[in-house]
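Sequence positions in the sequence shown follow our numbering and run 39 to 266.
Fair warning: there could be bad hints in the mix.
[Stated by the list, open to error] Below, a list of computed lysine to any residue pairs in the SDA-like style, where the Cα atoms sit at most 25 Å apart:
1. 135 with 161
2. 124 with 97
3. 156 with 175
4. 156 with 115
[Claimed, not checked] Cβ pair distances, simulated, as ranges:
5. 98 with 149: 28 to 38 Å
6. 261 with 226: 23 to 33 Å
7. 117 with 244: 21 to 31 Å
8. 237 with 182: 14 to 24 Å
9. 218 with 90: 37 to 47 Å
10. 189 with 99: 51 to 61 Å
11. 143 with 244: 30 to 40 Å
Quick caveat, the hints were computed from the structure, so don't treat them as lab data.
Ideal Cβ placement from N, Cα and C applies to all residues, glycine included.
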Amino acid sequence: MEASLTTNDLSIFSLISNASIVVQIVLAILMMLSLLSWWHIFVKWFGLRHAGGKTDSFETAFWGGSDLNSLYQQVSRDGASVGMEKIFEAGFAEFLKLRRQAGHDLGALMEGTRRAMKAACQREVDRLDAHTNFLATVGSISPYIGLLGTVWGIMNAFRGLSNVGQATLSQVAPGIAEALVATAIGLFAAIPAVVAYNRFSHDVDRLANRFDSFIEEFSNILQRQAGK
Numbered sequence: 039m040e041a042s043l044t045t046n047d048l049s050i051f052s053l054i055s056n057a058s059i060v061v062q063i064v065l066a067i068l069m070m071l072s073l074l075s076w077w078h079i080f081v082k083w084f085g086l087r088h089a090g091g092k093t094d095s096f097e098t099a100f101w102g103g104s105d106l107n108s109l110y111q112q113v114s115r116d117g118a119s120v121g122m123e124k125i126f127e128a129g130f131a132e133f134l135k136l137r138r139q140a141g142h143d144l145g146a147l148m149e150g151t152r153r154a155m156k157a158a159c160q161r162e163v164d165r166l167d168a169h170t171n172f173l174a175t176v177g178s179i180s181p182y183i184g185l186l187g188t189v190w191g192i193m194n195a196f197r198g199l200s201n202v203g204q205a206t207l208s209q210v211a212p213g214i215a216e217a218l219v220a221t222a223i224g225l226f227a228a229i230p231a232v233v234a235y236n237r238f239s240h241d242v243d244r245l246a247n248r249f250d251s252f253i254e255e256f257s258n259i260l261q262r263q264a265g266k
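Kindly produce the complete structure, drawing on both the sequences and the hints.
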């Protein structure tokens, strides 16, 4: 008996609903990974945008001639400091603490201040880089998960043809199309994740470089101030 090839027979929803249980499980996993990756993409995009905006605002205030003590008090009162603000707050607090302690020479003072800023910088970079590895994982494994569904679907299609005396296009097409849907969904999940991972990694690296430059410049300012 030949099935007629209609548009409905080969629609995406029809192919998914008529797919084997293994292919449906593969598709469910891929859709879950895709939804999770899109959630991380939006959260990370807003987070990096916020961190970049706060860094720009802080740099404008810092290099605009603001008094360091006033700027420190403002950042401390804010309570929602991120990025460069956190580094400045940690470094200046350590600088003031060590400066009040007797017996600290200039070298020890600046070494302790740099350590505090480096630790704060690392925490901020780790926070900004959080969950980007998940996007890399989705981008790398999704095509292989989709390929698993494709191979299984094609195996089922050929297994069904083994009981048919003469194979026709209407008999082959649904099984092959069902199998290829898994590959398509795998690519649909992988491509945005890979693009987002590369973009976010670039943004985090750029912010990290700005943080490192600020640490060196701020250390020089504090060293000159401590030497007075």
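We went through each hint and held it up to the structure:
In summary, the hint linking residue 135 to residue 161 is supported, as the alpha carbons are separated by about 21 Å, within the 25 Å threshold. Distance check on the hinted pair: residue 124 and residue 97 sit about 12 Å apart at the alpha-carbon level, within 25 Å; holds. Of the pairs offered as hints, the one joining residue 156 and residue 175 is violated, with about 29 Å between alpha carbons and a cut-off of 25 Å exceeded. Pair hint residue 156 plus residue 115 holds up; C-alpha atoms about 22 Å apart against a cutoff of 25 Å.
Checked against the given bound of 28 to 38 Å, the beta carbons of residue 98 and residue 149, roughly 29 Å apart, stay inside it. For the pair residue 261 and residue 226, the beta carbons lie near 54 Å from each other, so the given range of 23 to 33 Å is not met. For residue 117 and residue 244, the hinted distance range of 21 to 31 Å is satisfied, since their beta carbons lie about 26 Å from each other. With their beta carbons about 23 Å apart, residue 237 and residue 182 fall inside the hinted range of 14 to 24 Å.
A hinted range of 37 to 47 Å for the beta carbons of residue 218 and residue 90 is consistent with their spacing of about 41 Å. The hinted window of 51 to 61 Å between residue 189 and residue 99 holds, with their beta carbons roughly 58 Å apart. Between residue 143 and residue 244 the beta carbon distance is about 36 Å. The supplied range of 30 to 40 Å therefore holds.
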